[in-house]
Structures are given as structure tokens and as C-alpha cells.
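Q: In case you want the letters, here they are:
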Amino acid sequence: MVVFPPTTPQEVIALILYIITSHTFITIIIFPGFIHLTLVVMFLTWYERKLLARIQLRIGPLYAGGPGGILQPIADGVKLIFKEIMIPYKADKPLFLAMPLMLVLFAALPFAVIPFGQHWVIANLDVGLVFLFAMTSLFPSMILIFAWASNSKFPFLGGLRSLFQQVAYEIPMWVSALSVVMLAGSLNLTAIVEAQSKIWFIVPAFLSFIVFFIAIMAELERLPFDLPEAEPELVAGWFTESSGAVFMVIFLGLYMKVYLMSSLVTVLFLGGWWGPAFLPQPVWFIIKTLIVATFMIIPRGVYPRLRVDMLIKTGWTRLLIIALANVFLTILLIHSGILSAWGI
Amino acid sequence: MLLTGPMLTLPIFWSRRKPDPFRDMPFESGQVPQGEARHRLVMQYYPYLLMFVVFDVVAMFLFAWGISFTTMPLDSSFLVILFLILLAAPLGYALHLAVHKENW
Amino acid sequence: MVTLVSYIIVSAALLGIGVYGLSVKRNAMRILFAIEIIVNAANLNFAAFTRYLNPPQVSGQVIVFYSIAAAAMEAAVGLALILVAFRLNNTIDVRKLNKLKG
Amino acid sequence: MALIDIPPDLTFVALAAVTIIGAILALQARELIYGAVALAISFIGVAGFFVSLDAPYLAMLQIAIYVGAIVVLILFTIMLVRREVGEEAKDRPQSGEGSVGLWLAGLLSLAVSGVAALAGPNMPSTPPSGSLPVSALGPTLATQYPIPLIILALLMSATLIGALVLAKVER
Chain A
334 MVVFPPTTPQ
344 EVIALILYII
354 TSHTFITIII
364 FPGFIHLTLV
374 VMFLTWYERK
384 LLARIQLRIG
394 PLYAGGPGGI
404 LQPIADGVKL
414 IFKEIMIPYK
424 ADKPLFLAMP
434 LMLVLFAALP
444 FAVIPFGQHW
454 VIANLDVGLV
464 FLFAMTSLFP
474 SMILIFAWAS
484 NSKFPFLGGL
494 RSLFQQVAYE
504 IPMWVSALSV
514 VMLAGSLNLT
524 AIVEAQSKIW
534 FIVPAFLSFI
544 VFFIAIMAEL
554 ERLPFDLPEA
564 EPELVAGWFT
574 ESSGAVFMVI
584 FLGLYMKVYL
594 MSSLVTVLFL
604 GGWWGPAFLP
614 QPVWFIIKTL
624 IVATFMIIPR
634 GVYPRLRVDM
644 LIKTGWTRLL
654 IIALANVFLT
664 ILLIHSGILS
674 AWGI
Chain B
160 MLLTGPMLTL
170 PIFWSRRKPD
180 PFRDMPFESG
190 QVPQGEARHR
200 LVMQYYPYLL
210 MFVVFDVVAM
220 FLFAWGISFT
230 TMPLDSSFLV
240 ILFLILLAAP
250 LGYALHLAVH
260 KENW
Chain C
135 MVTLVSYIIV
145 SAALLGIGVY
155 GLSVKRNAMR
165 ILFAIEIIVN
175 AANLNFAAFT
185 RYLNPPQVSG
195 QVIVFYSIAA
205 AAMEAAVGLA
215 LILVAFRLNN
225 TIDVRKLNKL
235 KG
Chain D
696 MALIDIPPDL
706 TFVALAAVTI
716 IGAILALQAR
726 ELIYGAVALA
736 ISFIGVAGFF
746 VSLDAPYLAM
756 LQIAIYVGAI
766 VVLILFTIML
776 VRREVGEEAK
786 DRPQSGEGSV
796 GLWLAGLLSL
806 AVSGVAALAG
816 PNMPSTPPSG
826 SLPVSALGPT
836 LATQYPIPLI
846 ILALLMSATL
856 IGALVLAKVE
866 R
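Protein chains in written order, with the numbering used here: chain A, 334 to 677; chain B, 160 to 263; chain C, 135 to 236; chain D, 696 to 866.
Bear in mind the hints are in silico, worked out from the structure with no lab data behind them. Be aware that one or more of the hints could be misleading.
Chain C is faced by these chain D residues, among others (derived, beta-carbon under 10 Å) [to be verified]:
{"no.": "1", "residue": "Ile719"}
{"no.": "2", "residue": "Ser737"}
{"no.": "3", "residue": "Asp749"}
{"no.": "4", "residue": "Gln757"}
{"no.": "5", "residue": "Ala806"}
{"no.": "6", "residue": "Pro828"}
{"no.": "7", "residue": "Ile846"}
{"no.": "8", "residue": "Met851"}
{"no.": "9", "residue": "Ala862"}
Here a beta-carbon is modelled for each residue, glycine too, at the ideal position from N, C-alpha and C.
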């Protein structure tokens with residue numbers, strides 16, 4: 334018995350139960366939504382530090398309870414929340430405070446279209462992939478505004494580097510994703526995953542997988558592409574001036590973006606939720622995504638970083654041209670009919 | 160969409176703050192900051208930005224065409240190939256200008 | 135009640151704002167903003183009219199597609215012009231950029 | 696599906712407010728940077744209109760191209776040509792001009808909306824049922840409008856070369 338507006342206490346309880354058990358609520362708040370995201374992002378921060386420590390023969394987080402200090406993210410979070418927010422002298426206060434929030438907002442919004450399972454998707458948009466790209470293309474301008482608002486030299490330089498790097502690698506990324514769209518014939522991410530039930534797109538579109546992976550590494554400012562936050566030169570890049578909760582919000586946004594991009598690789602190339610049936614679909618999805626994330630973290634422990642103009646030049650000359658050539662290749666591939674065995 | 164609601168409201172109660180002007184100096188490795196922070200930018204990477212604007216549009220066009228690629232006849236791909244070839248020449252020229260730093 | 139007329143009214147308001155900026159502002163950047171606002175008003179009209187056509191047609195959306203692309207190109211060239219004007223005259227105030235006046 | 700049904704009128708009014716206030720602020724904000732941010736917000740409002748007009752691809756295009764690319768270019772140019780703070784405040788219309796511009800703009804928008812309101816009874820009040828699939832865009836682009844596509848490629852080439860040659864340092 335659900336009545337709106339409720340009048341008696343029983344009706345209030347019934348309404349609350351109805352809301353909590355509804356599919357919409359579960360998808361938004363619990364599983365692909367808020368709680369799951371926060372937990373995975375916290376896990377990722379811990380996982381990255383632990384993995385890097387293993388690679389470099391260190392120990393990593395150790396003391397904060399649980400096996401291997403797994404509660405470290407919570408300790409960090411509590412510490413950062415209770416620290417004071419410092420706003421630099423003459424900084425643009427509204428923009429300085431608003432941009433981190435926008436960053437997290439636009440890092441979290443695209444998760445609405447990522448299908449974690451056949452029915453585990455918040456908003457099954459027909460233009461899902463383009464929505465995702467539109468959201469990620471907002472990051473450069475937000476970073477630039479934030480860097481400008483800090484009114485300090487290091488963030489400004491870091492922000493500019495970050496801007497040009499992301500701008501340089503965004504186009505190869507989109508164009509390499511185009512061949513997946515051509516193969517699947519849809520922009521709907523659920524449909525793209527369903528088209529991979531017979532063969533994962535990493536096989537017919539291997540070249541675009543390589544380009545896409547390199548491009549998102551640069552887009553996420555991971556090593557060896559993490560020039561915007563090159564510590565010896567620029568301290569912490571565009572978020573040098575942020576502290577306390579502002580820093581935490583930015584950090585959250587960045588790791589959310591890492592998770593977003595890894596899950597995008599899973600959706601586009603690694604067959605999304607498909608896998609042997611003994612595990613439920615979302616579990617397969619998360620396993621694949623974490624494997625992709627591992628491969629994005631490993632280079633950080635191994636490689637040095639490049640120089641900024643070399644980096645940008647590589648992005649525009651090599652990667653873009655490979656991506657464009659790949660489009661021709663896909664046209665040939667589809668029209669030659671080689672792939673018809675898999676129903677493409 | 161509602162996912163972000165809590166994220167926007169949570170930091171609101173974090174943002175209480177005691178005013179302390181000495182701590183608010185921009186970080187410059189411990190030195191007192193000098194000069195204007197938002198100084199003029201170099202033009203060096205401007206051509207890349209222009210290329211981004213142009214190829215952003217191109218990518219969106221390619222997506223619109225790519226969705227229905229398999230259902231369209233072959234000659235529509237000739238159109239897109241022509242479109243890309245027409246853009247190849249200015250791309251080459253822009254890259255040529257961009258990598259020569261003495262131009263900027 | 136949202137009808138076609140309400141979209142046209144919003145679009146007309148945007149057009150008015152754009153024309154005001156175009157005629158009054160002196161900063162070249164603001165003039166560019168005004169042009170973009172006017173282009174957006176036009177795009178909104180195209181999208182609204184094509185939605186209310188019977189039977190639904192996609193042509194209006196394609197026109198908006200081209201229009202947005204053209205506006206992007208126009209903004210790129212306009213900003214390059216502003217840059218050059220600033221480098222040559224050290225100002226982007228259009229009232230002071232009058233060297234061609236005899 | 697939705698727990699709470701938001702009436703379409705409310706969405707429309709909110710979008711209209713965001714778009715129009717954003718546009719006004721873009722022209723009237725004291726700092727150019729704030730103007731650019733307001734312009735971006737106004738563009739996002741127009742993207743919202745596109746969604747409500749059943750054109751989601753256009754909305755994404757609007758966000759990706761306008762907010763993602765043009766606003767970045769605008770911000771970069773603003774930072775290149777920025778003067779000292781306070782210069783902006785002087786960009787107020789001289790005595791007569793402001794009112795003339797206001798009259799012009801007001802009359803123009805009044806005229807357009809007046810004509811629309813007069814023609815209102817003859818115009819369809821509710822959109823026809825049935826929606827436009829996203830996949831219809833591609834064939835229409837390729838089959839009905841191939842010539843504009845090629846012209847657009849030429850325009851893009853001209854833009855790229857022209858803007859670069861303009862911005863290049865003469866020597």
C-alpha cells in the first residue's frame with residue numbers, strides 16, 4: 334500500500350520501504366551509484382599505493398587496520414576533512430571552491446550510462462558514448478579555470494600543461510572509439526556490450542585498443558604522461574594550492590575518472606559484463622575493470638616521464654594519424670566481410 | 160543523476176574556515192611570491208588548440224556517420240573518406256607550423 | 135503548457151540579448167560572446183521547429199549540426215583575429231581599433 | 696520509472712531561466728573569465744532545451760563543441776589578452792548608447808515574440824508522437840546533405856590555415 338502523500342505512520346514506512354527497494358533507488362544509491370563508487374575509489378587509492386610499493390620493493394600502507402592497511406583511505410579522508418581549507422591570497426574564491434565540486438560532479442555523472450550488467454545501468458541513453466565524451470571534454474576547461482583561480486604560478490603552469498595534454502589526446506581517443514561504434518552500430522553502451530557476446534572488440538579493433546589505451550593514460554595524467562604534476566618542476570601541478578577538503582574532493586574526482594576510464598575500456602573492448610556464468614555479470618565487469626586499472630598503474634612504478642612538447646607532438650602527429658588510418662582499416666574490415674562469422 | 164546530489168551537499172559543511180591571511184600566501188617553495196601570477200601565456204601551443212576545435216567537430220561528424228555505417232551503402236563511406244582527405248592537407252600544414260617553435 | 139511559441143519566445147529573448155551586446159559592448163571578446171548567443175538562438179529555433187513538424191523529420195537537426203560546426207569555425211577565426219589585434223595594438227577595445235578610419 | 700514526475704513546464708522555466716540569465720551575465724559580468732563561465736552555463740542550458748526537444752545527439756554536440764572546445768579557446772584567449780583588473784569595469788556603455796541598444800534589443804525580441812504569439816493559434820501546440828532515432832542522423836547527413844559536408848570540410852581547412860597564418864608571428 335503506497336500512498337502519496339502519506340498520512341499514517343504505516344503509510345510513511347510503506348512509502349520509505351517502497352522507495353528503498355525500488356530499482357531506481359538501488360541503482361542510483363547503492364550499486365552502480367554512489368556507495369559503490371565511493372568504495373571502489375577508496376579501494377583504488379589503497380590498491381595503487383600497495384601495488385606501487387610491491388613493484389618498487391617497498392611495503393606501502395601498513396598500520397591503518399585490517400590486512401595490509403586497507404583502512405588507510407578512511408584515515409586519509411578523516412585527516413583531510415578536519416584540516417583547514419586554505420585559500421590563497423587574492424585567489425578567486427567562488428571559482429576556487431566551485432571547480433572541485435564541478436570536477437567531481439562531471440566525473441561521477443558519466444557513470445550513469447555505464448552498464449555494469451544487463452540491467453545494472455542507471456540511465457540507458459541512446460547517445461551514451463557521446464554523453465560520456467561530452468562530459469570528459471569538460472575537464473580541460475574546469476582545470477584551466479581552477480588553475481587560474483588559484484592565482485599562483487605553479488598551478489597555473491601545471492593547469493596549462495594539463496590543458497594541452499588533455500586536448501592533444503582527446504581527439505585520438507574519440508577517433509579510435511569510432512571503430513567500435515562502427516562495429517557495434519550503436520552509441521548505446523548496453524548495445525555495444527551486447528554486440529560483443531560472440532567476440533570481444535579487442536580482436537577486430539586491436540589497433541584502436543592500443544591508441545585508446547595510450548590516449549586515456551595521457552588523459553588521466555598517469556605516468557609516463559603525468560607532466561602536469563611533475564613534482565620536481567611544478568610541485569603538484571594544477572592542484573598545488575588546494576588543501577584539506579578541497580584536495581580531497583579533487584583527489585576523489587581524479588580517481589573516479591581513473592575508474593571511469595577503466596570501465597570504459599572494459600565496455601568498449603573487453604566485452605563488458607560477458608563471462609562464464611558462474612559469477613554474476615557485475616562481478617565480471619568489476620574484475621575486468623580492476624585488471625585494466627592495474628595495467629594503468631603499473632607504468633607509474635616503472636617508467637620515467639617525457640618532456641611536455643614531445644608529448645603533445647606525439648599525440649597530434651603519431652596517435653591521431655594512426656587513429657585516422659584505423660578508421661579506413663575498419664571500413665575495409667567491415668566491407669570485406671571477414672567478420673561476418675561473428676555477426677558483424 | 161541524483162548520484163551527485165550527496166557529493167555536492169557533503170562538502171558544504173566542510174567549508175568552515177578561520178581567516179588567517181599569513182597562511183594564504185601562494186606556495187612558492189617557501190619564498191615570498193613575487194610578481195603577477197597570472198602572467199601572459201606563451202603562444203607556443205596555440206595551434207594545437209585550434210586543431211582541437213576543428214577536429215572536435217570532425218570527430219562528432221564521424222560519430223554521427225559511424226552509428227549507421229553498417230546499414231548504409233558503400234558510397235557513403237567514399238563521402239567520408241573524401242571529407243577526411245580534404246582535411247588531411249591543412250592538418251599537415253598545421254602540424255608543420257606547430258612543430259617549428261620559431262613561428263610562435 | 136510548453137508549446138512551440140514558448141521556445142520561440144526564449145529564442146527571441148536570446149536574440150535580443152545578443153543584439154544588445156553586439157550594439158553596445160566595446161570589448162571584442164564580449165562581441166564574440168554576443169555572436170555566439172545569437173547563433174544559439176537560431177539553433178534553438180531550428181531544433182524546435184523540426185520537432186514540431188508532422189511527421190517528425192531529422193533535417194532541422196542536421197542543419198543545427200552544420201550551424202554548430204560553422205559557429206565553431208567562426209569562433210576560432212574570430213579569436214585569432216582578436217589575438218592579432220591585441221598583439222598589434224595592445225588593446226581589444228573595438229572603439230580604439232580604428233586605424234583604417236581616414 | 697521516475698519516482699517523482701517533474702512537470703515539463705517547470706523544467707522548461709528552469710532551463711529558460713538558466714539560459715537567459717547565463718546569457719545576460721556573459722555580457723554583463725565584471726570579469727571576462729566570469730563572463731566565459733556564464734556563457735558556458737548558458738550553452739549547457741541550450742543543450743538542456745535540445746534534450747527536451749528530443750534531440751539528445753545535438754545536446755551532446757552542443758556540450759562537446761561549445762563548452763568543451765570553444766570555451767577552452769575563449770578562456771585561453773582571455774588569458775592571453777588579459778589586462779589589469781579594473782580595466783573591465785570601464786566597459787560600460789556611454790550615456791546614449793546603452794538605452795539605444797536596450798531599445799533596439801527589446802523591440803527586436805518583442806517583435807519576434809509578438810509575431811510568434813500572433814501566429815500561435817496556427818502553429819502546432821503539441822509535438823507529434825513518435826521520436827527521431829539517433830541513427831537517422833547519419834544517413835540524412837550522407838545522403839541528403841553531401842554537398843554541405845564537403846563545403847564544411849573546405850571551411851574547416853580554410854579556418855585552420857587562416858587562423859594559423861593570422862596568429863603566426865611575421866618575420
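Q: All the hints need checking, so say for each whether the structure fits it.
A: Evaluated hints:
A hinted interface residue such as D:Ile719 counts as satisfied when its beta carbon comes closer than 10 Å to some beta carbon of chain C; here the least separation is about 6 Å, so the hint holds. At a threshold of 10 Å, the smallest CB-CB gap from D:Ser737 to chain C is about 7 Å, leaving the interface hint in force. Nearest Cβ of chain C to the Cβ of D:Asp749: about 6 Å, under the 10 Å cut. The hint holds. Interface hint at D:Gln757: satisfied, since its Cβ lies 7 Å from the closest Cβ of chain C, which is below the 10 Å cut-off.
For the restraint placing D:Ala806 at the interface with chain C, the shortest Cβ-Cβ distance is roughly 8 Å, inside the 10 Å limit, so the hint holds. Taken as an interface hint, D:Pro828 checks out: its beta carbon lies about 8 Å from the nearest beta carbon of chain C, inside 10 Å. Against a cut-off of 10 Å between C-beta atoms, the interface hint on D:Ile846 holds, since the closest Cβ of chain C lies about 9 Å away. For D:Met851, the suggested interface contact is upheld, since its CB lies about 6 Å from the closest CB of chain C, less than 10 Å.
Nearest Cβ of chain C to the Cβ of D:Ala862: about 5 Å, under the 10 Å cut. The hint holds.
In terms of the numbered hints stated before, the structure departs from none.
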